[in-house]
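Note that the protein sequences, when read in sequence, are chains F and W.
My numbering puts the first residue of the first sequence at 1, with every later residue one more than the last.
My numbering puts the first residue of the second sequence at 1, with every later residue one more than the last.
All the given hints hold, so there is nothing to weed out.
Think about it this way: if two alpha-carbon atoms lie no more than 20 angstroms apart in a straight line, the pair counts; the simulated EDC-like pairs of lysine to aspartate or glutamate are:
id, chain 1, residue 1, chain 2, residue 2
1, W, K113, W, D166
2, W, K113, F, E123
3, W, K257, W, D228
4, W, K167, F, E102
5, F, K168, F, D35
6, W, K144, F, D99
7, W, K167, F, D99
8, F, K58, W, E216
9, W, K113, F, E102
10, F, K218, W, E71
11, W, K113, F, D99
12, W, K401, W, E298
13, W, K257, W, E49
14, W, K167, W, D111
15, F, K33, F, E127
Okay, the calculated bits of chain W under chain F, using three or more residues with CB under 8 angstroms as the criterion:
id, stretch
16, 109-119
17, 179-186
If you are wondering where the hints come from, they were derived from the structure by calculation, not from laboratory data.
All C-beta atoms in this analysis are idealised placements derived from N, C-alpha and C, irrespective of residue type, glycine included.
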Amino acid sequence: MSKTKRIASISLLFLLMIPSFLFALSGEEIIRKMDAQATFETSYSTGTIRTTDRFGTKESTFKAWSRGASDSLIEFTSIAERGQKILRTRGSIYLFYPDAQELIRLQGAALRQSVLGSDLSYEDMTEEKNTLNDYRVVLNGSETVNGRDCHVLTLTAKSRQVAYPVQKIWVDKETYLVWKAEYSTAQGRLLKEMEVLDTITVAGRTLGRETRIEDKMKRDSATWMILDTLEVNIPLDRNLFSLENLTW
Amino acid sequence: MTIKLPAVAFRNVFRNLRRSILSAVAIAVSAMAIMALLALLETMESDMEANLTSFYTGEIRIRHAEYEQYERYNPLHLSLESDSVINAALTVEGVEAATARINFPANLYLDGKNNGVMAVGVNFDTEQAFIDFSTLITKGELPKEGHNEIILGSILARELGLGVGDKVTMLTSTALRGSNAMTFEVVGIASFPVGGLSTKTAYMPLDRAQYLLRMEHQAQQVLLLTKDGYNERAVAASVQQVLSTSLEHGTETRAWKDLNTMYSYLSIAKFIYYVMGAIFFVLGSTVIINTTMMVIYERMREIGTLGALGMQGKELTRLFLLEGSFISIAGSTIGTLTGVLIIYILSRTGLNFTEAMSGVDMEISSILYPQVNWLIALFVWVYAIIISSLATLIPSRKASKIQIVEALRYV
Chain F
1 MSKTKRIASI SLLFLLMIPS FLFALSGEEI IRKMDAQATF ETSYSTGTIR
51 TTDRFGTKES TFKAWSRGAS DSLIEFTSIA ERGQKILRTR GSIYLFYPDA
101 QELIRLQGAA LRQSVLGSDL SYEDMTEEKN TLNDYRVVLN GSETVNGRDC
151 HVLTLTAKSR QVAYPVQKIW VDKETYLVWK AEYSTAQGRL LKEMEVLDTI
201 TVAGRTLGRE TRIEDKMKRD SATWMILDTL EVNIPLDRNL FSLENLTW
Chain W
1 MTIKLPAVAF RNVFRNLRRS ILSAVAIAVS AMAIMALLAL LETMESDMEA
51 NLTSFYTGEI RIRHAEYEQY ERYNPLHLSL ESDSVINAAL TVEGVEAATA
101 RINFPANLYL DGKNNGVMAV GVNFDTEQAF IDFSTLITKG ELPKEGHNEI
151 ILGSILAREL GLGVGDKVTM LTSTALRGSN AMTFEVVGIA SFPVGGLSTK
201 TAYMPLDRAQ YLLRMEHQAQ QVLLLTKDGY NERAVAASVQ QVLSTSLEHG
251 TETRAWKDLN TMYSYLSIAK FIYYVMGAIF FVLGSTVIIN TTMMVIYERM
301 REIGTLGALG MQGKELTRLF LLEGSFISIA GSTIGTLTGV LIIYILSRTG
351 LNFTEAMSGV DMEISSILYP QVNWLIALFV WVYAIIISSL ATLIPSRKAS
401 KIQIVEALRY V
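Chain F extracted, bound-state conformation (with noise of 0.2 angstroms):
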């Protein structure tokens, strides 16, 4: 081949693969597609928590509000809890319990405790949705998972300040939702895993309708969070996520 034409077919090569560099996503841009199809304008749901330990299992239903990555408010409508509300908003995150004269604010190590003595911590089910403000991202490339095509990415937190200083995560190429987790310590050791079992399609998005959770520091422990019911971007009262309403 002479040098021109050999020039020629490289630059086309190279011409061609501009494309793919282009459009190749990177770790930030999936994880910023992945917060970004999780949240909603405002939501509401309905949903079930079971949780199978060594003395059976216990299911706790609640009703859960949602405003944009930050505000939650969960209220749980079981017997044995109900009245109890969880309150995430501007960064902090407070109990009501019917009983009490005064809010509960969590904070630090609290944060990590178990809901209702389930494998979820209250972090786990109030998180905000940015991840980026918290985790750098590498990606390590794709795996399938349930039969899904996926991005397999690894988070590494910034600070201490996070529960889960390492995760490992497989998000759907084209969903952009979470199939798989893994969360472990700096040092590896794994502390929790969450599988998405079932889906659930709003307003074009595909969300995890029933997750499994397992706490791997618990012995024959695991919990299923099971969306009953799930309607996005309606009207929200704005004090909904209020101090003051959390004690009516």
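Please build the complex by placing chain W on the supplied structure of chain F, with the hints as guidance.
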């Protein structure tokens, strides 16, 4: 040879008074130390018994059969139907009183921080037979049934800056494996004999604890007291049998001595201390052995003379043994009486272990008041005499083996 050995031995004791006093003092010090130690041990044992049966286990404790297996998870759902259990237990001969309790770990939420406590739900009426709260309350009053009221240990209240009239929110896990919180008013402050209780506990009415923990009509444990003259283990067995027919689930019904490991260790320690006592006396007896040997060497010619006059070897042994015994009796008597005096003084002033026991979770009171126990005094007195006297046997027998001719020539 006709000789009144006891009279001679008694006179010989005064021949070198300083040496005899030295020997007696060594035995007295040992006797005094052992007397004080055993009295203290006895006091610790009875104090622990009183604390255990009052604050922790009663004389008999009844729990769900599976509770112990999962105890570290605080399985409140493994509970007892309190009224049924109490009514059934009270039908058993030998049961004097019964009360229901719920012990549960909780947090007092103050200024945004959680402070761990051990909360106890009790029926203050039936508790009277177990804990005399009226003598423990230093400020305020007892909580009333049906009211969200608590009393705090005095050290806990001081550390949290809480007083009578203050309100505090308590968070805890419930029997339904959820969580709950309730705000209580502090109506009383109590000072418990066991420092750990004053540092960590909060008492509330049983019905409020049942409401907080979602344990309606349930209790974590039922405690019993037995009538005088009844064996706790036998009564526990009878109660277990009655409950096995009346309840759907099994129970763990045990006497308090079978529950507390620390009490068992104390009982074992008592035996070890008796052995140590013997070692103490042997050590104290080395002085008297030494002085007796010195006496023998000093009175060698005298021994030779006595032998020449017809005193047998056995009589010589008995003579020196008697001398040693008289010194032992004197030393033991002085030592025992001094020990009794020390115990008597301590029974008035008390032994304050508050600093030493801080941070230590033992069911022994912070301040102990040892009591004079005349049986122990008698035991120590006899023990000291026997061991010290036997110790003088060694040099005394040496005296019997001395050759008369050699002894007479001894310079």
